[in-house]
Every structure is written in structure tokens, then in C-alpha cells.
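**Student:** Sequence:
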Amino acid sequence: SLYVSEYFSQSAQKLSFYSWYGNAKLFHFHVPEDTVLLRWLLQASRGKGPECTSMEITVHFRHGAPPVINPLGTRFPANATVRPSYNISITLGTAVQNTTFVNVTTPAAGDWFIAAHLPEAAGRIEVKGFSTPCPYMFQADMFVLRLTDMPVLEPGVPMPHTVVSPAKPLHVKVFVPKHAAGMRFQLSSCVTSEQRACTVRVLLGSITLPQSFQRSLTCTGSINCSLALDSPPWEKWLQIMVESLGAANASVSVEMLASFTVCRPGSTSSFLNFISLNQSQAGARPGAAGSSAPAAGEAAHNASGQRSSCLQSQPVVREDLDVVSVRYRLLNGPSVPVSPLSPSLLLLSLNTGTDSGGSLVVNLLLNKTSVSLANATVVACVSAASPVLSLNATQNCSTAFSQGYPLSVSTSAAEAMLIVLYPQTDDWFLSLQLLCPNGQGGCSSAEAKVTVFAYLTPCFNDCGPYGQCSLLRRHGYLYAGCSCKAGWGGWSCTDDTKAQSVGTQTLATLLLTLSNLMFLPAIAVAVYRYYLVEASVYTYTMFFSTFYHACDQPGVAVMCIMDYDTLQYCDFLGSVVSIWVTILCMARLKKILKYVLFVLGTLLIAMSLQLDRRGVWNMMGPCLFALVIMVTAWAHHGAKRRHCYPSSWKRWVFYLLPGITLAFIAISVYAFMETNENYYYTHSIWHVLVACSVAFLLPPRDKHKKPWAWSQKLTCRYQICQNDREELYAVT
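Numbering (UniProt numbering), first residue to last: 1 to 732.
These are computed hints drawn from the structure, not numbers from a lab.
Heads up, a few of these hints could be off.
[What the hints assert, rightly or not] Below 30 Å or equal to it, Euclidean Cα-Cα: the simulated DSSO-like pairs (lysine-lysine) are:
#, residue 1, residue 2
1, Lys485, Lys14
2, Lys449, Lys178
3, Lys591, Lys640
4, Lys14, Lys48
5, Lys650, Lys594
[What the hints assert, rightly or not] Derived Cβ-Cβ restraints for the label pairs, each shown as a range:
#, residue 1, residue 2, range
6, Glu120, Lys368, 38 to 48 Å
7, Arg318, Pro158, 32 to 42 Å
8, Leu2, Glu120, 21 to 31 Å
Beta carbons: idealized from backbone N, C-alpha and C, even for Gly.
Take the sequences, apply the hints, and build the full model.
**Tutor:** Have a look at this one:
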């Protein structure tokens, strides 16, 4: 046998603390066919700074779709069936780098996904630039060992093979045809090279994570041993590995035989169904009434053929709506006839490679008037790769190498729903069959009508009223996740364990909006002291801060008067410009110079906020530069007057020191105390402290100006004038 090794790598990603699925970093790989060994090389590293501490990284694996994880222990939607993911932990202790290997023998071909994340986020709101977070990096590489000439086992043809040694197992594969109801594998003529009784172990199927249903068979001696499989995966290659359990230097000769039981489906679909679909979309057409007779004849033929077929395949049309958004339409109408003789089968195709990033929703609704028996039950099963064809016997919804999702409807519970989160890339099947209370013989002629609604959506129920559905991307792969708010949690934001009540949400909105009214005293002081430009800036800041926080709320108490991004930008701009004009006003510059700095600084601040809205230097830069100007101006005034400026001790004690103290407390609250839980009152305190500090820090008005002397400033008015000048007349 010829083995070929291949190597696949992806760029490293910076890990994040976990609060929702978007914080998990996803890696997407494709395992080729005939792979006998898969090895993951996981490399984790951290920075060398003092802020870097020991950290535990959690890595999840899954075949066919992104892993469904729940690090926070929240609740999933009521009708969602979740199986735990396979995960390992990588610890970064004293060493700054950790390398871990994960081996998977006989892995399933197709898409494999890895998701890595840090522990739960602390919830603290950090100002960008005040602290340097420690970088934690993670990279996943994949090595595969592939067999280039894997022998093919022909169905129904005995094939002799030799296992060279226990260290070199034998790999063969067999193709499973469509409509295969069962498979039987038989091993015979097991003889060692020393003509002794042999012991071999046979592994059928490939390993898939998080759950693997690989089947094992141990054969001892020369007697025949066999294994029967129900519902093997349709139209796929099935790997079979035979390994010797005997002596290390002895080869083993075996003979293998694979046979299939094929199920003949009933002919329920025809070209006339497609014609009826077009007519329903485009309206009535000439000659449409003439197609009723052939359709009725075909329906009679289908009814007579149910007894001779093992399943009734219903035609389904896949309709792509958007990214990770698909709707399935039944050509014969939404109602599916279900009988007790053979299951009705619907194909839900999710094999494009781009469908595994959403949620598959299947809804069943029983028509109670269509069931002739009161105690009859319609059982259903949603499975991948192959359908369940023995619902009347087992009712456990399992196939040869996977476990399906069961559903049932009856007259007492006429509706059932199933949500499959991140369905694996494959053909999915919905099987339905009617079960009678007294056995199948008592209701052979009964029939039930079940309405089926099936669709693929990015986020179930669009994450509800307290969540936002976000489309995430890793290279060319798209998947969706819910970001919850107002204390709600869970995969679809349905967990209300820590949810805020409507009263709490209303209180948060009122605090964050009404706290901006504390700018009214600052505006009044500015107007009283003739700082009209400064008062206009404070009014602008108060207005946009109020309505930005009214629009920024996570719950139901929300009001947006314009676009959210516009409100946020205007709020940030007004806040920084308010600090800028206040400090320049305290500098006591000449008017022309002060207004030039007002305009120039505002333009530069607007530019910097457009580049990085949340950068700390967007606020600290103008503050420091304005403080330098103020200190320089005060030093100039002090040197000119030959005493300290401001000269009044009352000005320092009753105005400047209280204003500076309030400003420092506000900055401390804003930078170090805000978290997601206390944001609504700590940020409200920030509003109050900043507004009060502005009222204290504004300098007094010029002494030559009279308070509220508006009439002297208005030059555009009517006056009654008297001309006392003597007029000289020239006499000629």
C-alpha cells in the first residue's frame, strides 16, 4: 500500500474571553477521502508582559459543522436537541508556549471544525488605551495520512485479503448505494501464516466527533463471523479496517463479503408535480384542468404500490433565500400522507458546504380529522446520511452510524418542533410513519395527514427580542450566532435566569438619559457669564448624549430619533469638544485666539474620532494639549502681574479645587469602575460629575461686562436721533 502524507495550516488567531459564540475562534479544515490517520497540531502561546498570567484554553472539535458549545452553562431553546461537544483543555502556565497533539484514526472525510476560546469574560468595560491586554494566540495545523490505493470491496463478491502484521492493519472500502436498507458484512476463512486459529478485529465506519458510532467486530478462529447494519449511509464510501490481534510476525489471510438489502421506494413523485408547482406560482394556464385525470390515475397507482414498497418518497424542492437561509417546499402540498405500512420520506438537502452555520427547524402539525383511530400516533425521525426505515419496530431513531432526532404527534399533542443547531453537512431525511395502538394489522388502511414546515435559518426566532443575530465569517465560511443583551443568555437568547426586568430596563434608561440634565446648570452659568459658544457646545453634548443613551439600551425601553451610528458619533464628539472648550476657556486667552483654537481643535477631534472612536487618546490628547495651553497662559498672566494666577484664594478653594476633584473622580469612575452589570448607574455618575465639574471650572465673566446687559449688545435697532450741528450756508 502507498501512503501519502499531507499538511494543512491556517494562520494563528488571537483568542478572546468568552461571552457569546462570536468570541470563539473557528478553524475550518477539509479531510480528504481515504484518510487513515489525522493528527492535529495545536499551538498556544501568550505574551511575555507582566499582565500575562496562567490561562486555560478550551478547544472543541466537531465533524461536519461548527461545534455547539455552552461554556457559560446557559439554557438552550426548548425544542433544541443538543449533544455535548468533544473538547480538551490546554494550560498556559509558566511556559509562554504549549504544543499539543490530537490523533484520530480512520477519521470521516469532509469538513472538520475546531473552536478555541478563553474562560468566561469578567464583564469589565475597559477603555481602549488605559490598559494593555495580554495577547493569547492559538494556531491549529492538520496532518493527514492518506492511502492512495485503498482496495474496493465489491458488493456480493467474496474478496480474499492478507493482513501483513498487527502493526499494519488492512484498509478496504465499500460503496453504499442509494436506498440501501441494510448491510451485512461477513468475514470467513481466517487463517494465519502458521496455519493456526487467528484472531482479528474489524472496525466498520469512520470516527466522527463529538460522538462516534464506529462498529467493532472481533473474530476468533476459522468460523464465520458477521455483522448486520441497518440504514447505512447512502451514496458514501464506508471504510473497513481489519487488524490482527495475533503474534507480531504472523500474517493473517481472511475473506470478506459485503451484501446489501435495497429498499424499493414508492413512486409518489412525477413530472406532473413540477407542472402543478409552476401553475401555483404563475397562476392558472390554458389546459391546466386537463391534467387532473392523469394525476388521479397516478394517485391510484401510488396507493396500490404502497404495499409493495418499503418507503414513500415525497418530492421536496429546496429554495435558497439568503445566506444560511433555505426553505423546503413539498410539491404535493404541505400535507404529507402517512400510513402504517411504510414510512413517508422527505429529503432535506444540506450538502452544499455552506448550510452548517445555521439552525435546521422542522415543525410537524397533525390534522386531527384525518386520523381514523383516536389513539394512533405519528412517529417521525430526523437523521443525517441515511433515513430510519424501521420506525414501527425500534422507534429509537438510530441508523448504522448515527443517532437521529425523534418526534411524535398525536391527537392529544398535534404539534411538534425540532431545532438542530449547526446541522452537519449532509443529506438529511425526515421519516414519518403511523403507529396503531393495537399493532399494524388493526389499522392497515388508516392514513394521517401531517403538515410539514422545514427551513434553515441563521438564528432561531432571530434571537428573540433580547438578542441580535450576527453573521460571522472565517475566511470564506459563514456562520451565525446570537449576541444577547439585557441580562438574557443562551444559544438563542431564551435563558432569562439573569434577565433584567422591564422596570430595571426603564430605570437604566431614565438614569442614563436624565443624568444629562445636569448640564443645565453648566449651560446657565455659561450663559450668565457670556460664554455663549461654550453654552452651545454643552447644549449640543446634552442633547446627543441623552438620545444616544436612549437608543443604546439593550432592552425594550429604547427610542432612536436617528441612526445609531450617527448618535454615537455625535455623543463622542460633543463630550471631547466640551472638555476642549472648557479648558481653553479657563486659560483666559484673547478672543480671536480662543475661537481659532475652538474651531481648529473641533476639526481635529472630529477627524481623530472618525479614525478610532473608542481610543483613549481621542479624549486624553485634546485634554493634555489644552492643559498645556492653560498652564502656559496662567504662567504668562502670573509673570505679568507678579503674583499667582488666579490670585483669589476663594477662586481656588470654592471653584477650582472642587471642579478638579469632581473631574478626577469622574475619570476614575469612567476608566476603572464600569462593568456590564453596573454600567447604567456608574456611567450616570460620570454624566453628573462631568457636568458639575464644568459648572465649577468655568471662569468668572469680565469685570467690564454687566450681567444680562443684552440691550447694549444689540446694535440692530431703531433710534430717534437729533442733529444739533449748525449748518453753514454759502451766500452768493
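**Student:** What are the numbers of the hints that this structure violates, sorted from low to high?
**Tutor:** 8
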